[in-house]
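Peer 1: Could you slot chain B onto chain A? The hints should help.
Listed below, chain by chain, are the residues.
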Amino acid sequence: MDRPALSGRPFNAHFTDVAAAAGLKAPVIYGGVDAKKYILESTGCGCAFLDYDNDGWMDMFILSGTRLSGDPPEATNRFYKNNRDGTFTDVTEKAGLKAVGWASGVCIGDYNNDGFEDIFCTYFGQNRLYRNNGDGTFTDVTKTAGLLNEQPRWGAGCTFLDYNRDGHLDLFVSNYIRFSFEHAPVPGENINCNWKGIPVECGPRGLPTGRHSLYRNNGDGTFTEVSQTAGITGSTESYGMTVVAADFDEDGWPDIYVACDSTPSLLFINNHDGTFREEAVVRGVALSDDGAEQAGMGLGVGDYDLDGHLDLFKTHFADDSNGLYRNDGKGNFDDVTRASRLGVETRYICWGAGVVDLDNDGYPDLFMVTGNVYPEVERKLPQYANKTPRAVFRNLGNRTFEELGAEAGPGVAEAHCSRGCAFGDFDNDGDVDILVVNLNEAPSLLRNDMKVKQNWIKIKLEGVKSNRSAIGARVLVRYGTKIQAQAVLSQSSFYSCNDPRLHFGLGAVSTVEIQVFWPNGLREQFKSVPANQLVTFREGVGIVTSKGWAKT
Amino acid sequence: MRRTAKDYQLRRVCVILTLALVLPWSRAQSADQVASISSALHERDFAKALELLRAALNNSPDNPQLWIMQGFAHLGKGEKKEAQTSFEHALKLSPDNVQALQGKAQIEFDAGSTAAIPLLQRLLRLQPNDPTSHGMLAVLEYRRGNCPVATVHFEKAGALFDSQIEALHAYATCLVRRRKFEKATAVFQRALALNPDDQRERQLLASILLMAQKPQDALATLQPLLQGDTPDVQTLELASTAYEDIHDTERAVSRLRQAILLDPQKVNLYLDFANISSVHQSFQVGINVVNDGIGLLPKAAPLYFARGVLYVQLAEYEKAQADFERAYDLDPSQSLTAAAQGMAAVQANDPDRALQTVQAKLTRKPNDPILLYLQADVISQKGADPGTPDFQLAMRSAKKVVLLQPTLGAARGVLAKLYLQAGQNKEAAAESRKALASDPKDQAALYHLIQALRKTGGKEEIPELLKRLAALRQEATKEERERYRYRLVEGDAQANPPTAQ
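Note that the protein sequences, when read in sequence, are chains A and B.
Per this note's numbering, the very first residue in the first sequence carries number 4; after that it's consecutive.
Per this note's numbering, the very first residue in the second sequence carries number 99; after that it's consecutive.
So that you can see chain A by itself, here it is in the shape it has in the complex (with noise of 0.2 angstroms):
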């Protein structure tokens, strides 16, 4: 297919793998490398940046799966500190966070208040709690938290949220596909295991959806399963992928988000009553444009019209495009994945995805990672590749995006079989870099090196009534004439979690202002606040010193 012509105009950001060099190079072992016989061995994990050790650099965390025939000796979690000179060191074993296993996503929260980031984990089988010690470690807290299950479940997207605006993270847990080895059917066997004409794993399609889960924290440290009685249980039936929480229509409570495949995705408005209410289809983000059921499996969440509002970026199946949502400020979409121009990209498989300001330029472009789930297509189908390149839609400011490959370096050219991503700045160089989970190889880490300097804020939020990460937190930044929506996330992208700190490319401007909108309620306002830093901010408080952060 020709691409349509490029606008001409330089991009500033340019993206090269340096993850080995960095000490990424343990692979992340997903299932078959050739061919994959069950759809457990197909979907993959995420990664996520979190500060553990708030030292103010970005730490690591990537998942993993494992093999049908055994668990190979690379098969586990595996934990990176970051060296603060481009480099990282395993430090899973000393960390306590070595675990084998069939993972699918990442959420990071500071459930305990105590000023650590904790991890949950979603998996095939059992998800796991990690409480961060504070000292380096972790402890795996699942049961006495109150969250084992009484049955294996495939947990996949999970989001820390204080829907109950209590100060305290609650859980939500998607979860995929009711799977068992013994019932799963093979390839071939029936018509839901053939695509295009060549037998394949099975699934998600004729195979029994999963259910969902929300968890209101306590405040003891355990957790109490609410489904039930907050009106989780009885939405749609749907194969729930990842999950973002955040006030989309702007009334002071948090939303919860699901993308599904193959099913509608699910959207669960907060009552402010300790229930939600489901209303997807009628708000715009269930369904496409024509009404039928996408393959969700991505998301990312931001402002990419400058509106002030947060905008829905869905990721889906190869030959659909990717799914753009307009939000008007109510929590009502619109779908303008045709008008934006990103309907012209239908090869890939999409996965992790971003709305993110990839040049600085003031506006936020969009990023996903791209990968088969099935091997085995490619050969017969060469145009079904399982290596695929990522895209960049870089954003032209007038509401349409423009497709970029190599011209945005070559970590974005290279074909991989990607799955989760997270954006951070790990080298704290004031612009975005990616981490991006491959399956069966090394992950990659995409160095942004900016070509020309544009100018930047990055926000770092601290909860004091709010929960002590401030997620659910949302944060206007006015620059120029432009304004920005953005919002502190558990989970987004593939499975995966961003770095906290909020990035805002500025282009030219220098100052900005800030308006922050706490969890609690609690509304502040920030006034001619220079570029180019990490700003701390603490609830009630004001602006406080930022931590461990490299001035360049």
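No lab work stands behind these hints, which were simulated from the structure alone.
The beta-carbon is built from N, C-alpha and C at its ideal position, and this holds for glycine as well.
Some hints here could point you the wrong way.
As the list claims (entries may be wrong) - Sample of chain A residues with no beta-carbon within 12 angstroms of chain B, all distances over it, derived: (1) N57; (2) G104; (3) K199; (4) T484.
Stated by the list, open to error - Derived BS3-like pairs (lysine-lysine); straight-line CA-CA distance at most 25 angstroms: (5) B:K565 <-> A:K333; (6) A:K199 <-> B:K175; (7) A:K199 <-> B:K576; (8) B:K190 <-> B:K179; (9) B:K553 <-> A:K333; (10) B:K417 <-> A:K383; (11) B:K524 <-> A:K333; (12) A:K333 <-> B:K557.
Peer 2: Structure of chain B alone, referenced to chain A:
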């Protein structure tokens, strides 16, 4: 319909003759004269009646009844023109005279003229329950394609048609056109009851039962034909469809194979096989069977089209394009092949090529509804902005399609989507409602309607529509599950036993 027309004529003449005998005579008329005319008419001695009438009319030229009798006497002699003149004269004297209206209407009806329609309508104003007038109107309206009106008159004609198979067919055809399959079934059952041994009648009823989604009843209807030693191809084809509809794919395939062996030159059988293969995602099996057909019928454009569609499913787009091209070369009048080329290009993620293909064909067939629909759809997919020339072209194309082919629901879907993009939400809602009127299961139309209502503030209707959409989705999922229970196995084209989900 000729036999039916004659039946009406005979019926009408008999009625009129009977009426003529009891006509209220003018006091000026001598009783002897009247008795003689009546007697001549009764004895069908129309020449004598005319002779007597000439004398009577000389005495009483303003007596409409005499003119009517003269009309029927001419009619009896086959002198339609003269009869018509007599009835017209009677109507001038007595405009609402039922007998004169009936006589003139009969002549117009026999001539197949729509001029009978206003006469019959006048008659029905005078005699609203007259089954004969309803019957004649029904037939005339049917002939001019006005099924909604024809159906009403067929219903009011009551048992008038019970012995007239062609009228029953006309009535049932109208009911089918109006998608009233239940009623059509009942009418075809009446037709079959007239000729229970007529194979064609039985097949017609089975076809309608399939349309009415009663495949079991269709099979029961076909059973006497299937039990014979050599069921014919049409019966086998219908049985195959019925078996497929009840998810007995094994028998469906078996009957179809039997039909192909019986008449390997019949293109439709290969198309049916391709369709079953496609539904069960057994694309290669379908291609193999269509290949056999192409071997025997190398000039059959539909076979290349069907194979092209199967290649698209296998993502073999180049082969698909070659087949569509060949189908188009063989039969350029088929816009569907050109459309398929466009759709294959869309499937291959190449909307530019799709648009080029469609627009090239449109230059030759600018009013082809399918090509116009595709043009609108592809432009819409490419993301033209409201107000741009491309968007306007898409909008014009979609509007034109719904005028040219109002039943093409997909075109209404594109038009509704374009209206939504342009912020014309009321128009989007109206278009979606029209699409739903022709296909209540159109999920896209329902979704567009919900979005349009949300934006126009018509929210009170939305909860019910959401329930309806959820129910449709559930139903579609169930149907898909049923459909996917079977897969055809490559090589022998036999169906596999059901596989566990």
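Peer 1: For each hint, tell me whether it holds in the structure or not.
Peer 2: Hints and how they fare:
no. : hint              : in the structure
1   : N57               : holds (45 angstroms)
2   : G104              : holds (27 angstroms)
3   : K199              : violated (5 angstroms)
4   : T484              : holds (22 angstroms)
5   : B:K565 <-> A:K333 : holds (23 angstroms)
6   : A:K199 <-> B:K175 : violated (74 angstroms)
7   : A:K199 <-> B:K576 : holds (22 angstroms)
8   : B:K190 <-> B:K179 : holds (17 angstroms)
9   : B:K553 <-> A:K333 : holds (12 angstroms)
10  : B:K417 <-> A:K383 : holds (14 angstroms)
11  : B:K524 <-> A:K333 : holds (21 angstroms)
12  : A:K333 <-> B:K557 : holds (15 angstroms)
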